[in-house]
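Given chain A, put chain B in place with the hints provided.
Residue numbers (my numbering), protein chains in the order written: chain A, 1 to 219; chain B, 220 to 438.
Because the hints were derived from the structure by calculation, they are not lab data. Warning: the hint list may mix true and false statements.
Computed cross-link-like contacts, BS3-like style, restricted to lysine-lysine with a CA-CA straight-line distance of at most 25 Å [as the list claims (entries may be wrong)]:
1) A:Lys102 <-> B:Lys304
2) B:Lys304 <-> A:Lys137
3) B:Lys279 <-> A:Lys102
4) A:Lys167 <-> A:Lys142
5) B:Lys357 <-> B:Lys279
6) B:Lys299 <-> A:Lys167
7) A:Lys167 <-> A:Lys137
8) B:Lys304 <-> A:Lys167
Stretches of chain B that chain A covers, calculated by requiring three or more beta carbons in the stretch to come under 8 Å of a beta carbon on chain A [claimed, not checked]:
9) 253-259
10) 271-277
11) 282-293
12) 393-407
Please read these numbers as outputs of a predicted model, since none were measured by experiment. No residue lacks a Cβ here, since even glycine has one placed at the ideal position from N, Cα and C.
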Amino acid sequence: MNGVHDMGGMHGFGPVQPEADEPVFHAPWEGKVYAMRRLVGAWRRWNIDAGRHSIERMPAAEYLRTSYYEKWLQSLEMLVVERGLITAAELASGRADPAAPKMTPPVRSADIPAIATARGSSERESSVPPRFAIGQKVRSRKINPVGHTRIPRYVRGRIGTVELDHKAHVFPDSNADFRGEAPQRLYTVRFAARELWGDAANPADAVLVDLWEEYLEPV
Amino acid sequence: MGDSHEHEHDHGHDHAHDHEGQDVPSATALRVKALESLLVEKGLVDPAALDALIDTYESKIGPRNGARVVARAWADPAYKQRLLKDASSAIAELGYSGAQGEHMVVVENTPSVHNLVVCTLCSCYPWPVLGLPPVWYKSYAYRSRAVIDPRGVLAELGLSLAEDVSVRVWDSTSEIRYLVLPLRPPNTDNLEEEALADLVSRDSMIGVALPAAPEGRAP
Chain A
1 MNGVHDMGGM HGFGPVQPEA DEPVFHAPWE GKVYAMRRLV GAWRRWNIDA GRHSIERMPA
61 AEYLRTSYYE KWLQSLEMLV VERGLITAAE LASGRADPAA PKMTPPVRSA DIPAIATARG
121 SSERESSVPP RFAIGQKVRS RKINPVGHTR IPRYVRGRIG TVELDHKAHV FPDSNADFRG
181 EAPQRLYTVR FAARELWGDA ANPADAVLVD LWEEYLEPV
Chain B
220 MGDSHEHEHD HGHDHAHDHE GQDVPSATAL RVKALESLLV EKGLVDPAAL DALIDTYESK
280 IGPRNGARVV ARAWADPAYK QRLLKDASSA IAELGYSGAQ GEHMVVVENT PSVHNLVVCT
340 LCSCYPWPVL GLPPVWYKSY AYRSRAVIDP RGVLAELGLS LAEDVSVRVW DSTSEIRYLV
400 LPLRPPNTDN LEEEALADLV SRDSMIGVAL PAAPEGRAP
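The following block holds chain A by itself, in its conformation from the complex (with noise of 0.2 Å):
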């Protein structure tokens, strides 16, 4: 979708403002939500790129005036409810309605160190041939998805050339909707600055793009 979270090359947000001695969390509710979303995150019942996806859902404006753990807590509200976790009236009410049974979670705290550095993994089997070698001309297409999808406004159209082939990826698109994962192969595409901005661009600079194949057609 064509939504405010695709910000590359856009002008008016200001100078970037580092913050010294910054902490983690700059509140304790931000660690509740980072650790809640994880943790009802391991029901299964959605993927990361559904994950992103409600996020890229809240109103342009809502997104904009929301810091990035007011975003994570407003898409896991919508997320547990959309899902079948927890019903519209138990979060309405923050009680859990007495007739449904209660659970037992899939991960507990001696669980955590397992999880922290467990490996998952987005790589996927596949016997398909890339259709793209490194080296080569490609250009991005001129597309325009009304759902998730990873291929930013600013490359759209622009030509650019395969950098690394990472072999089959599940393929966010499909992925995001229930749809299956569709893997797919993914390549980072190197373009050109000034293929991207225009002369102004300084001639030796670069960006790299991580891009499925769908994304991409033959110069």
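Positioned in the frame of chain A, the structure of chain B alone reads:
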């Protein structure tokens, strides 16, 4: 004015002040507490697991991990080769793995190439080696500007690059996570690995800073 709002919210309002000057929890903190109570009551999360996960990211998983990877690469040429060829495995050799670090790629700075990492679409970041991202990395200013004006962003942050040094900006649009291998500072030949790690700041592994000089301290 989105930036001032974002800045305000990103610092997290855990407490507001009532008329008597007493600290009262913010609306967001209360909303988080309500959701947590509901999730615990329904048996969807173990409260002790929430606390253990928060503690893990506050005190165990942070940029010191990445600094050890960089220091090992500076000290051990064979390790550096493995790191540049298969970063996920080489980083796992040091015991670092887990969510948002499943598919690592390490990009090497040289006298003629400077690498910079961003996620324009959300805030993807290599958690196992850098911990959770700072607010500025997640800010709209950084996400929007890093791809179109990387030299401007770097100069604002105190890093001015020569015109003939190529800037390569890596936009993390997939599950591949990028870590910058900074140039080893001069006059560090006599330093042991732990002392080298002290020179490697978080920001130097994102690409917005250089490692500290030997007599200095990593910010």
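Consistency of the hints with the structure:
no., hint, verdict
1, A:Lys102 <-> B:Lys304, "violated, 48 Å"
2, B:Lys304 <-> A:Lys137, "holds, 23 Å"
3, B:Lys279 <-> A:Lys102, "violated, 32 Å"
4, A:Lys167 <-> A:Lys142, "holds, 23 Å"
5, B:Lys357 <-> B:Lys279, "holds, 21 Å"
6, B:Lys299 <-> A:Lys167, "holds, 23 Å"
7, A:Lys167 <-> A:Lys137, "holds, 18 Å"
8, B:Lys304 <-> A:Lys167, "holds, 15 Å"
9, 253-259, "holds (count 6)"
10, 271-277, "holds (count 6)"
11, 282-293, "violated (count 0)"
12, 393-407, "holds (count 3)"
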